[in-house]
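Undergrad: Residues per chain, in single letters:
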Amino acid sequence: MFWRVSIGIAAAQLAHRRRQTIVSTLGVALGVGFFVATSALMSGSEQDMVQRLVDNAPHITVKDEFRTAAPQPVFTVYPQGAVSLSNTKPREYLRGVKNHGAKVEELSRQTGVIAAAALTGTAIVRYAAKDVSAGITGIDPEKERFLTTIEEDMRQGSLMRLRTASQGIVIGEGMALRLGLGMDDLATVVSPTGLVRRMKVVGLFRTGNLLLDEGQVYMLLKDAQVLLDKPFVANRIRIKIADPDMAEDVAADLESRWGYRTESWQEVNRDFLGLFVVRNIITYSIVGAIMAVAAFGIFNIISTVVMEKRRDIAILMSMGFRGGDIQWVFLVQGVFVGMIGMIMGWMLGLVLLQMLGTVEITVPGLMDKQKLPLERGFFQFGVGGLFALVSAVAAAWIPARKASQVRPVDIIRGAT
Amino acid sequence: MSDAPIVELKGVTRILQEAVPVTLVRDIDLTIHRGEFVSVTGPSGSGKSSLLYLLGLLDLPTHGHVLIDGEDTAGFSLNHLADIRLQKLGFVFQFHFLLPEFTVLHNVTLPMLRLGRLGEKEIHERGMALLADFEIADQASKRPDQLSGGQRQRVAVARALANDPPLVLADEPTGNLDMRNSEIVQGIFARLAAEQGRTVIAVTHDKDFADSAPRNIHLVDGRIDSDVRR
Chain A
1 MFWRVSIGIA
11 AAQLAHRRRQ
21 TIVSTLGVAL
31 GVGFFVATSA
41 LMSGSEQDMV
51 QRLVDNAPHI
61 TVKDEFRTAA
71 PQPVFTVYPQ
81 GAVSLSNTKP
91 REYLRGVKNH
101 GAKVEELSRQ
111 TGVIAAAALT
121 GTAIVRYAAK
131 DVSAGITGID
141 PEKERFLTTI
151 EEDMRQGSLM
161 RLRTASQGIV
171 IGEGMALRLG
181 LGMDDLATVV
191 SPTGLVRRMK
201 VVGLFRTGNL
211 LLDEGQVYML
221 LKDAQVLLDK
231 PFVANRIRIK
241 IADPDMAEDV
251 AADLESRWGY
261 RTESWQEVNR
271 DFLGLFVVRN
281 IITYSIVGAI
291 MAVAAFGIFN
301 IISTVVMEKR
311 RDIAILMSMG
321 FRGGDIQWVF
331 LVQGVFVGMI
341 GMIMGWMLGL
351 VLLQMLGTVE
361 ITVPGLMDKQ
371 KLPLERGFFQ
381 FGVGGLFALV
391 SAVAAAWIPA
401 RKASQVRPVD
411 IIRGAT
Chain B
1001 MSDAPIVELK
1011 GVTRILQEAV
1021 PVTLVRDIDL
1031 TIHRGEFVSV
1041 TGPSGSGKSS
1051 LLYLLGLLDL
1061 PTHGHVLIDG
1071 EDTAGFSLNH
1081 LADIRLQKLG
1091 FVFQFHFLLP
1101 EFTVLHNVTL
1111 PMLRLGRLGE
1121 KEIHERGMAL
1131 LADFEIADQA
1141 SKRPDQLSGG
1151 QRQRVAVARA
1161 LANDPPLVLA
1171 DEPTGNLDMR
1181 NSEIVQGIFA
1191 RLAAEQGRTV
1201 IAVTHDKDFA
1211 DSAPRNIHLV
1221 DGRIDSDVRR
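Protein chains in written order, with our numbering: chain A, 1 to 416; chain B, 1001 to 1230.
These are computed hints drawn from the structure, not numbers from a lab.
Each hint should be verified, as a subset may be incorrect.
Partial selection, computed: residues in chain B whose CB lies under 10 angstroms from chain A [as the list claims (entries may be wrong)]:
| # | residue |
| --- | --- |
| 1 | 1015 |
| 2 | 1017 |
| 3 | 1043 |
| 4 | 1045 |
| 5 | 1114 |
| 6 | 1145 |
Below, simulated DSBU-like cross-link-like pairs (lysine-lysine); rule was C-alpha separation at most 35 angstroms, straight line [to be verified]:
| # | chain 1 | residue 1 | chain 2 | residue 2 |
| --- | --- | --- | --- | --- |
| 7 | A | 130 | A | 63 |
| 8 | A | 143 | A | 371 |
| 9 | A | 222 | A | 200 |
| 10 | B | 1010 | B | 1207 |
| 11 | A | 402 | B | 1207 |
| 12 | B | 1142 | A | 402 |
From the three backbone atoms N, C-alpha and C, an ideal C-beta is built for every residue, glycine too.
Input sequences plus hints: build the corresponding full structure.
TA: This is how it looks when you write it as structure tokens:
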């Protein structure tokens, strides 16, 4: 029952100052609405970006490299010895991941894991007296579809045609354009060791990434091994796992077992992931600022009401209302403004999301229009609402506390 | 008139601690019994309102003790004092002090809602009955600013009686009223004491009002100058 008294008084006082109440409520609503919209956009684009990073490339790549140079034997034999060596000739390894077939097989036995060996290198693609240097990747076309999104980016032909054509290559549209190559043309591929082979274009892709579109050539692993003169060698094991978030742990595990440098997608894209943290900080600071301004609005209206209502506060106290009751009356006003602002903000957020959902943007370098990536989750609405309520209560707290400390006799004495 | 004192002041002094300390009332001993109708008079600045605020627990004495219903209130928390005001005291001020956002009836029922002892329906009925007592039941759904001064003061009295307090304190209740309304309010206070057995203490500078009370306390310079029973 007493609750209803407090709420009744609070509502009556807010209704009395309708215009100010509406303005401060709108302030909260704007804050919540824009938080919902920006946060949906921010986390939507983050997810979109991460999705691309995760899908475009293997989750984990084992390379035929080592993070640290192997120590000279003398250091391992005499770890305590006062030995100094300089100008030592490093031992030469035969490049390549040793025993890659067994490793791939072992990895593939695990559920949800797709692994394939690949050989990368460089070569020159020559056609009609024009040269383009290119990165060569020898792949397994069946597995490549699962490891990267290259299959989706194919504009003509397909990866699978590598199997049917003899000595086929798949190249980017950018390279094809530079060389004047078309489908089924025969290009000359020259390896660093001087091997020259004529290979047939069986597919064209366009990823939107210039580096790949102008400089990447895919062929069968076997063809790459012949071209680069590395029979039976693979220098990469590319792995896709069931849960991309586990990639870092799995990579560390593989590296400690095999010794080869093993990179997870997180490690490769560390800079991007760092960028997301910064973006989130920016979003939250801006929304925090909007909310702070809204909170000042609430503080302002409730302070004004407290100042204006000193006489009413005194009379309520003389009737037998406690200081705490009076504090409630004003806190409830803050909660009112916060809650109504929150609900209006949610509606505004829905409208903004609806509008943003219809926007189509053209990414430079890509022909297709894209919709803005939006994440419509309860999270944004929840956090926005929480922001509103907390700032409203915090803003109402100070004037409410002040109201509870009014000494009724001071006011009544002054008034009579 | 029962013999149990409803209010007792024992050596009460109230000093306002300002740049120059001001003594409002000095060393007052006073006993008021149940059912008494007491008027408090004195020149302005003699401390009659201050005395009333001390009696009503709105102000705390610098020295001395205030006993309500035999209970010494010295050292009570502010909340405890508020609870005593809610249950045992009713105030009427010179200015009606009604809450402008609420209807007349809602103003009257506020103390009952705060006390929460009665159900909603009973509170409503009691509020209407109180208004009917003062012949303003027809104004129940109006707002205070739609009423005349006399009507407002009657609403204020009805509100003071909401929780059926044994003690009613009035500070210049007729000070702002014309002659006719003044007489009506005066009559109401006399009736509260005589018919309902409540204790009424009224500060006034209206001689007729003061003389209508069976007991008159006259203050000069914060001291009791005379305490006359007629």
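Undergrad: Taking the hints in turn, state whether each one holds.
TA: Hints versus structure:
1. 1015: violated (14 angstroms)
2. 1017: Where the cut-off is 10 angstroms and the nearest Cβ of chain A is about 13 angstroms from residue 1017 of chain B, the hint is violated.
3. 1043: Because about 16 angstroms separates residue 1043 of chain B from the closest Cβ in chain A, which is outside the 10 angstroms limit, the hint is violated.
4. 1045: violated (12 angstroms)
5. 1114: With a closest approach of 6 angstroms, the residue 1114 of chain B hint holds.
6. 1145: violated (12 angstroms)
7. A:130 to A:63: holds (32 angstroms)
8. A:143 to A:371: With Cα atoms ~30 angstroms apart, residue 143 of chain A and residue 371 of chain A stay inside 35 angstroms; holds.
9. A:222 to A:200: holds (15 angstroms)
10. B:1010 to B:1207: holds (28 angstroms)
11. A:402 to B:1207: Violated. Residue 402 of chain A to residue 1207 of chain B sits at ~41 angstroms, over the 35 angstroms cutoff.
12. B:1142 to A:402: Distance ~31 angstroms between residue 1142 of chain B and residue 402 of chain A Cα, so the pair holds.
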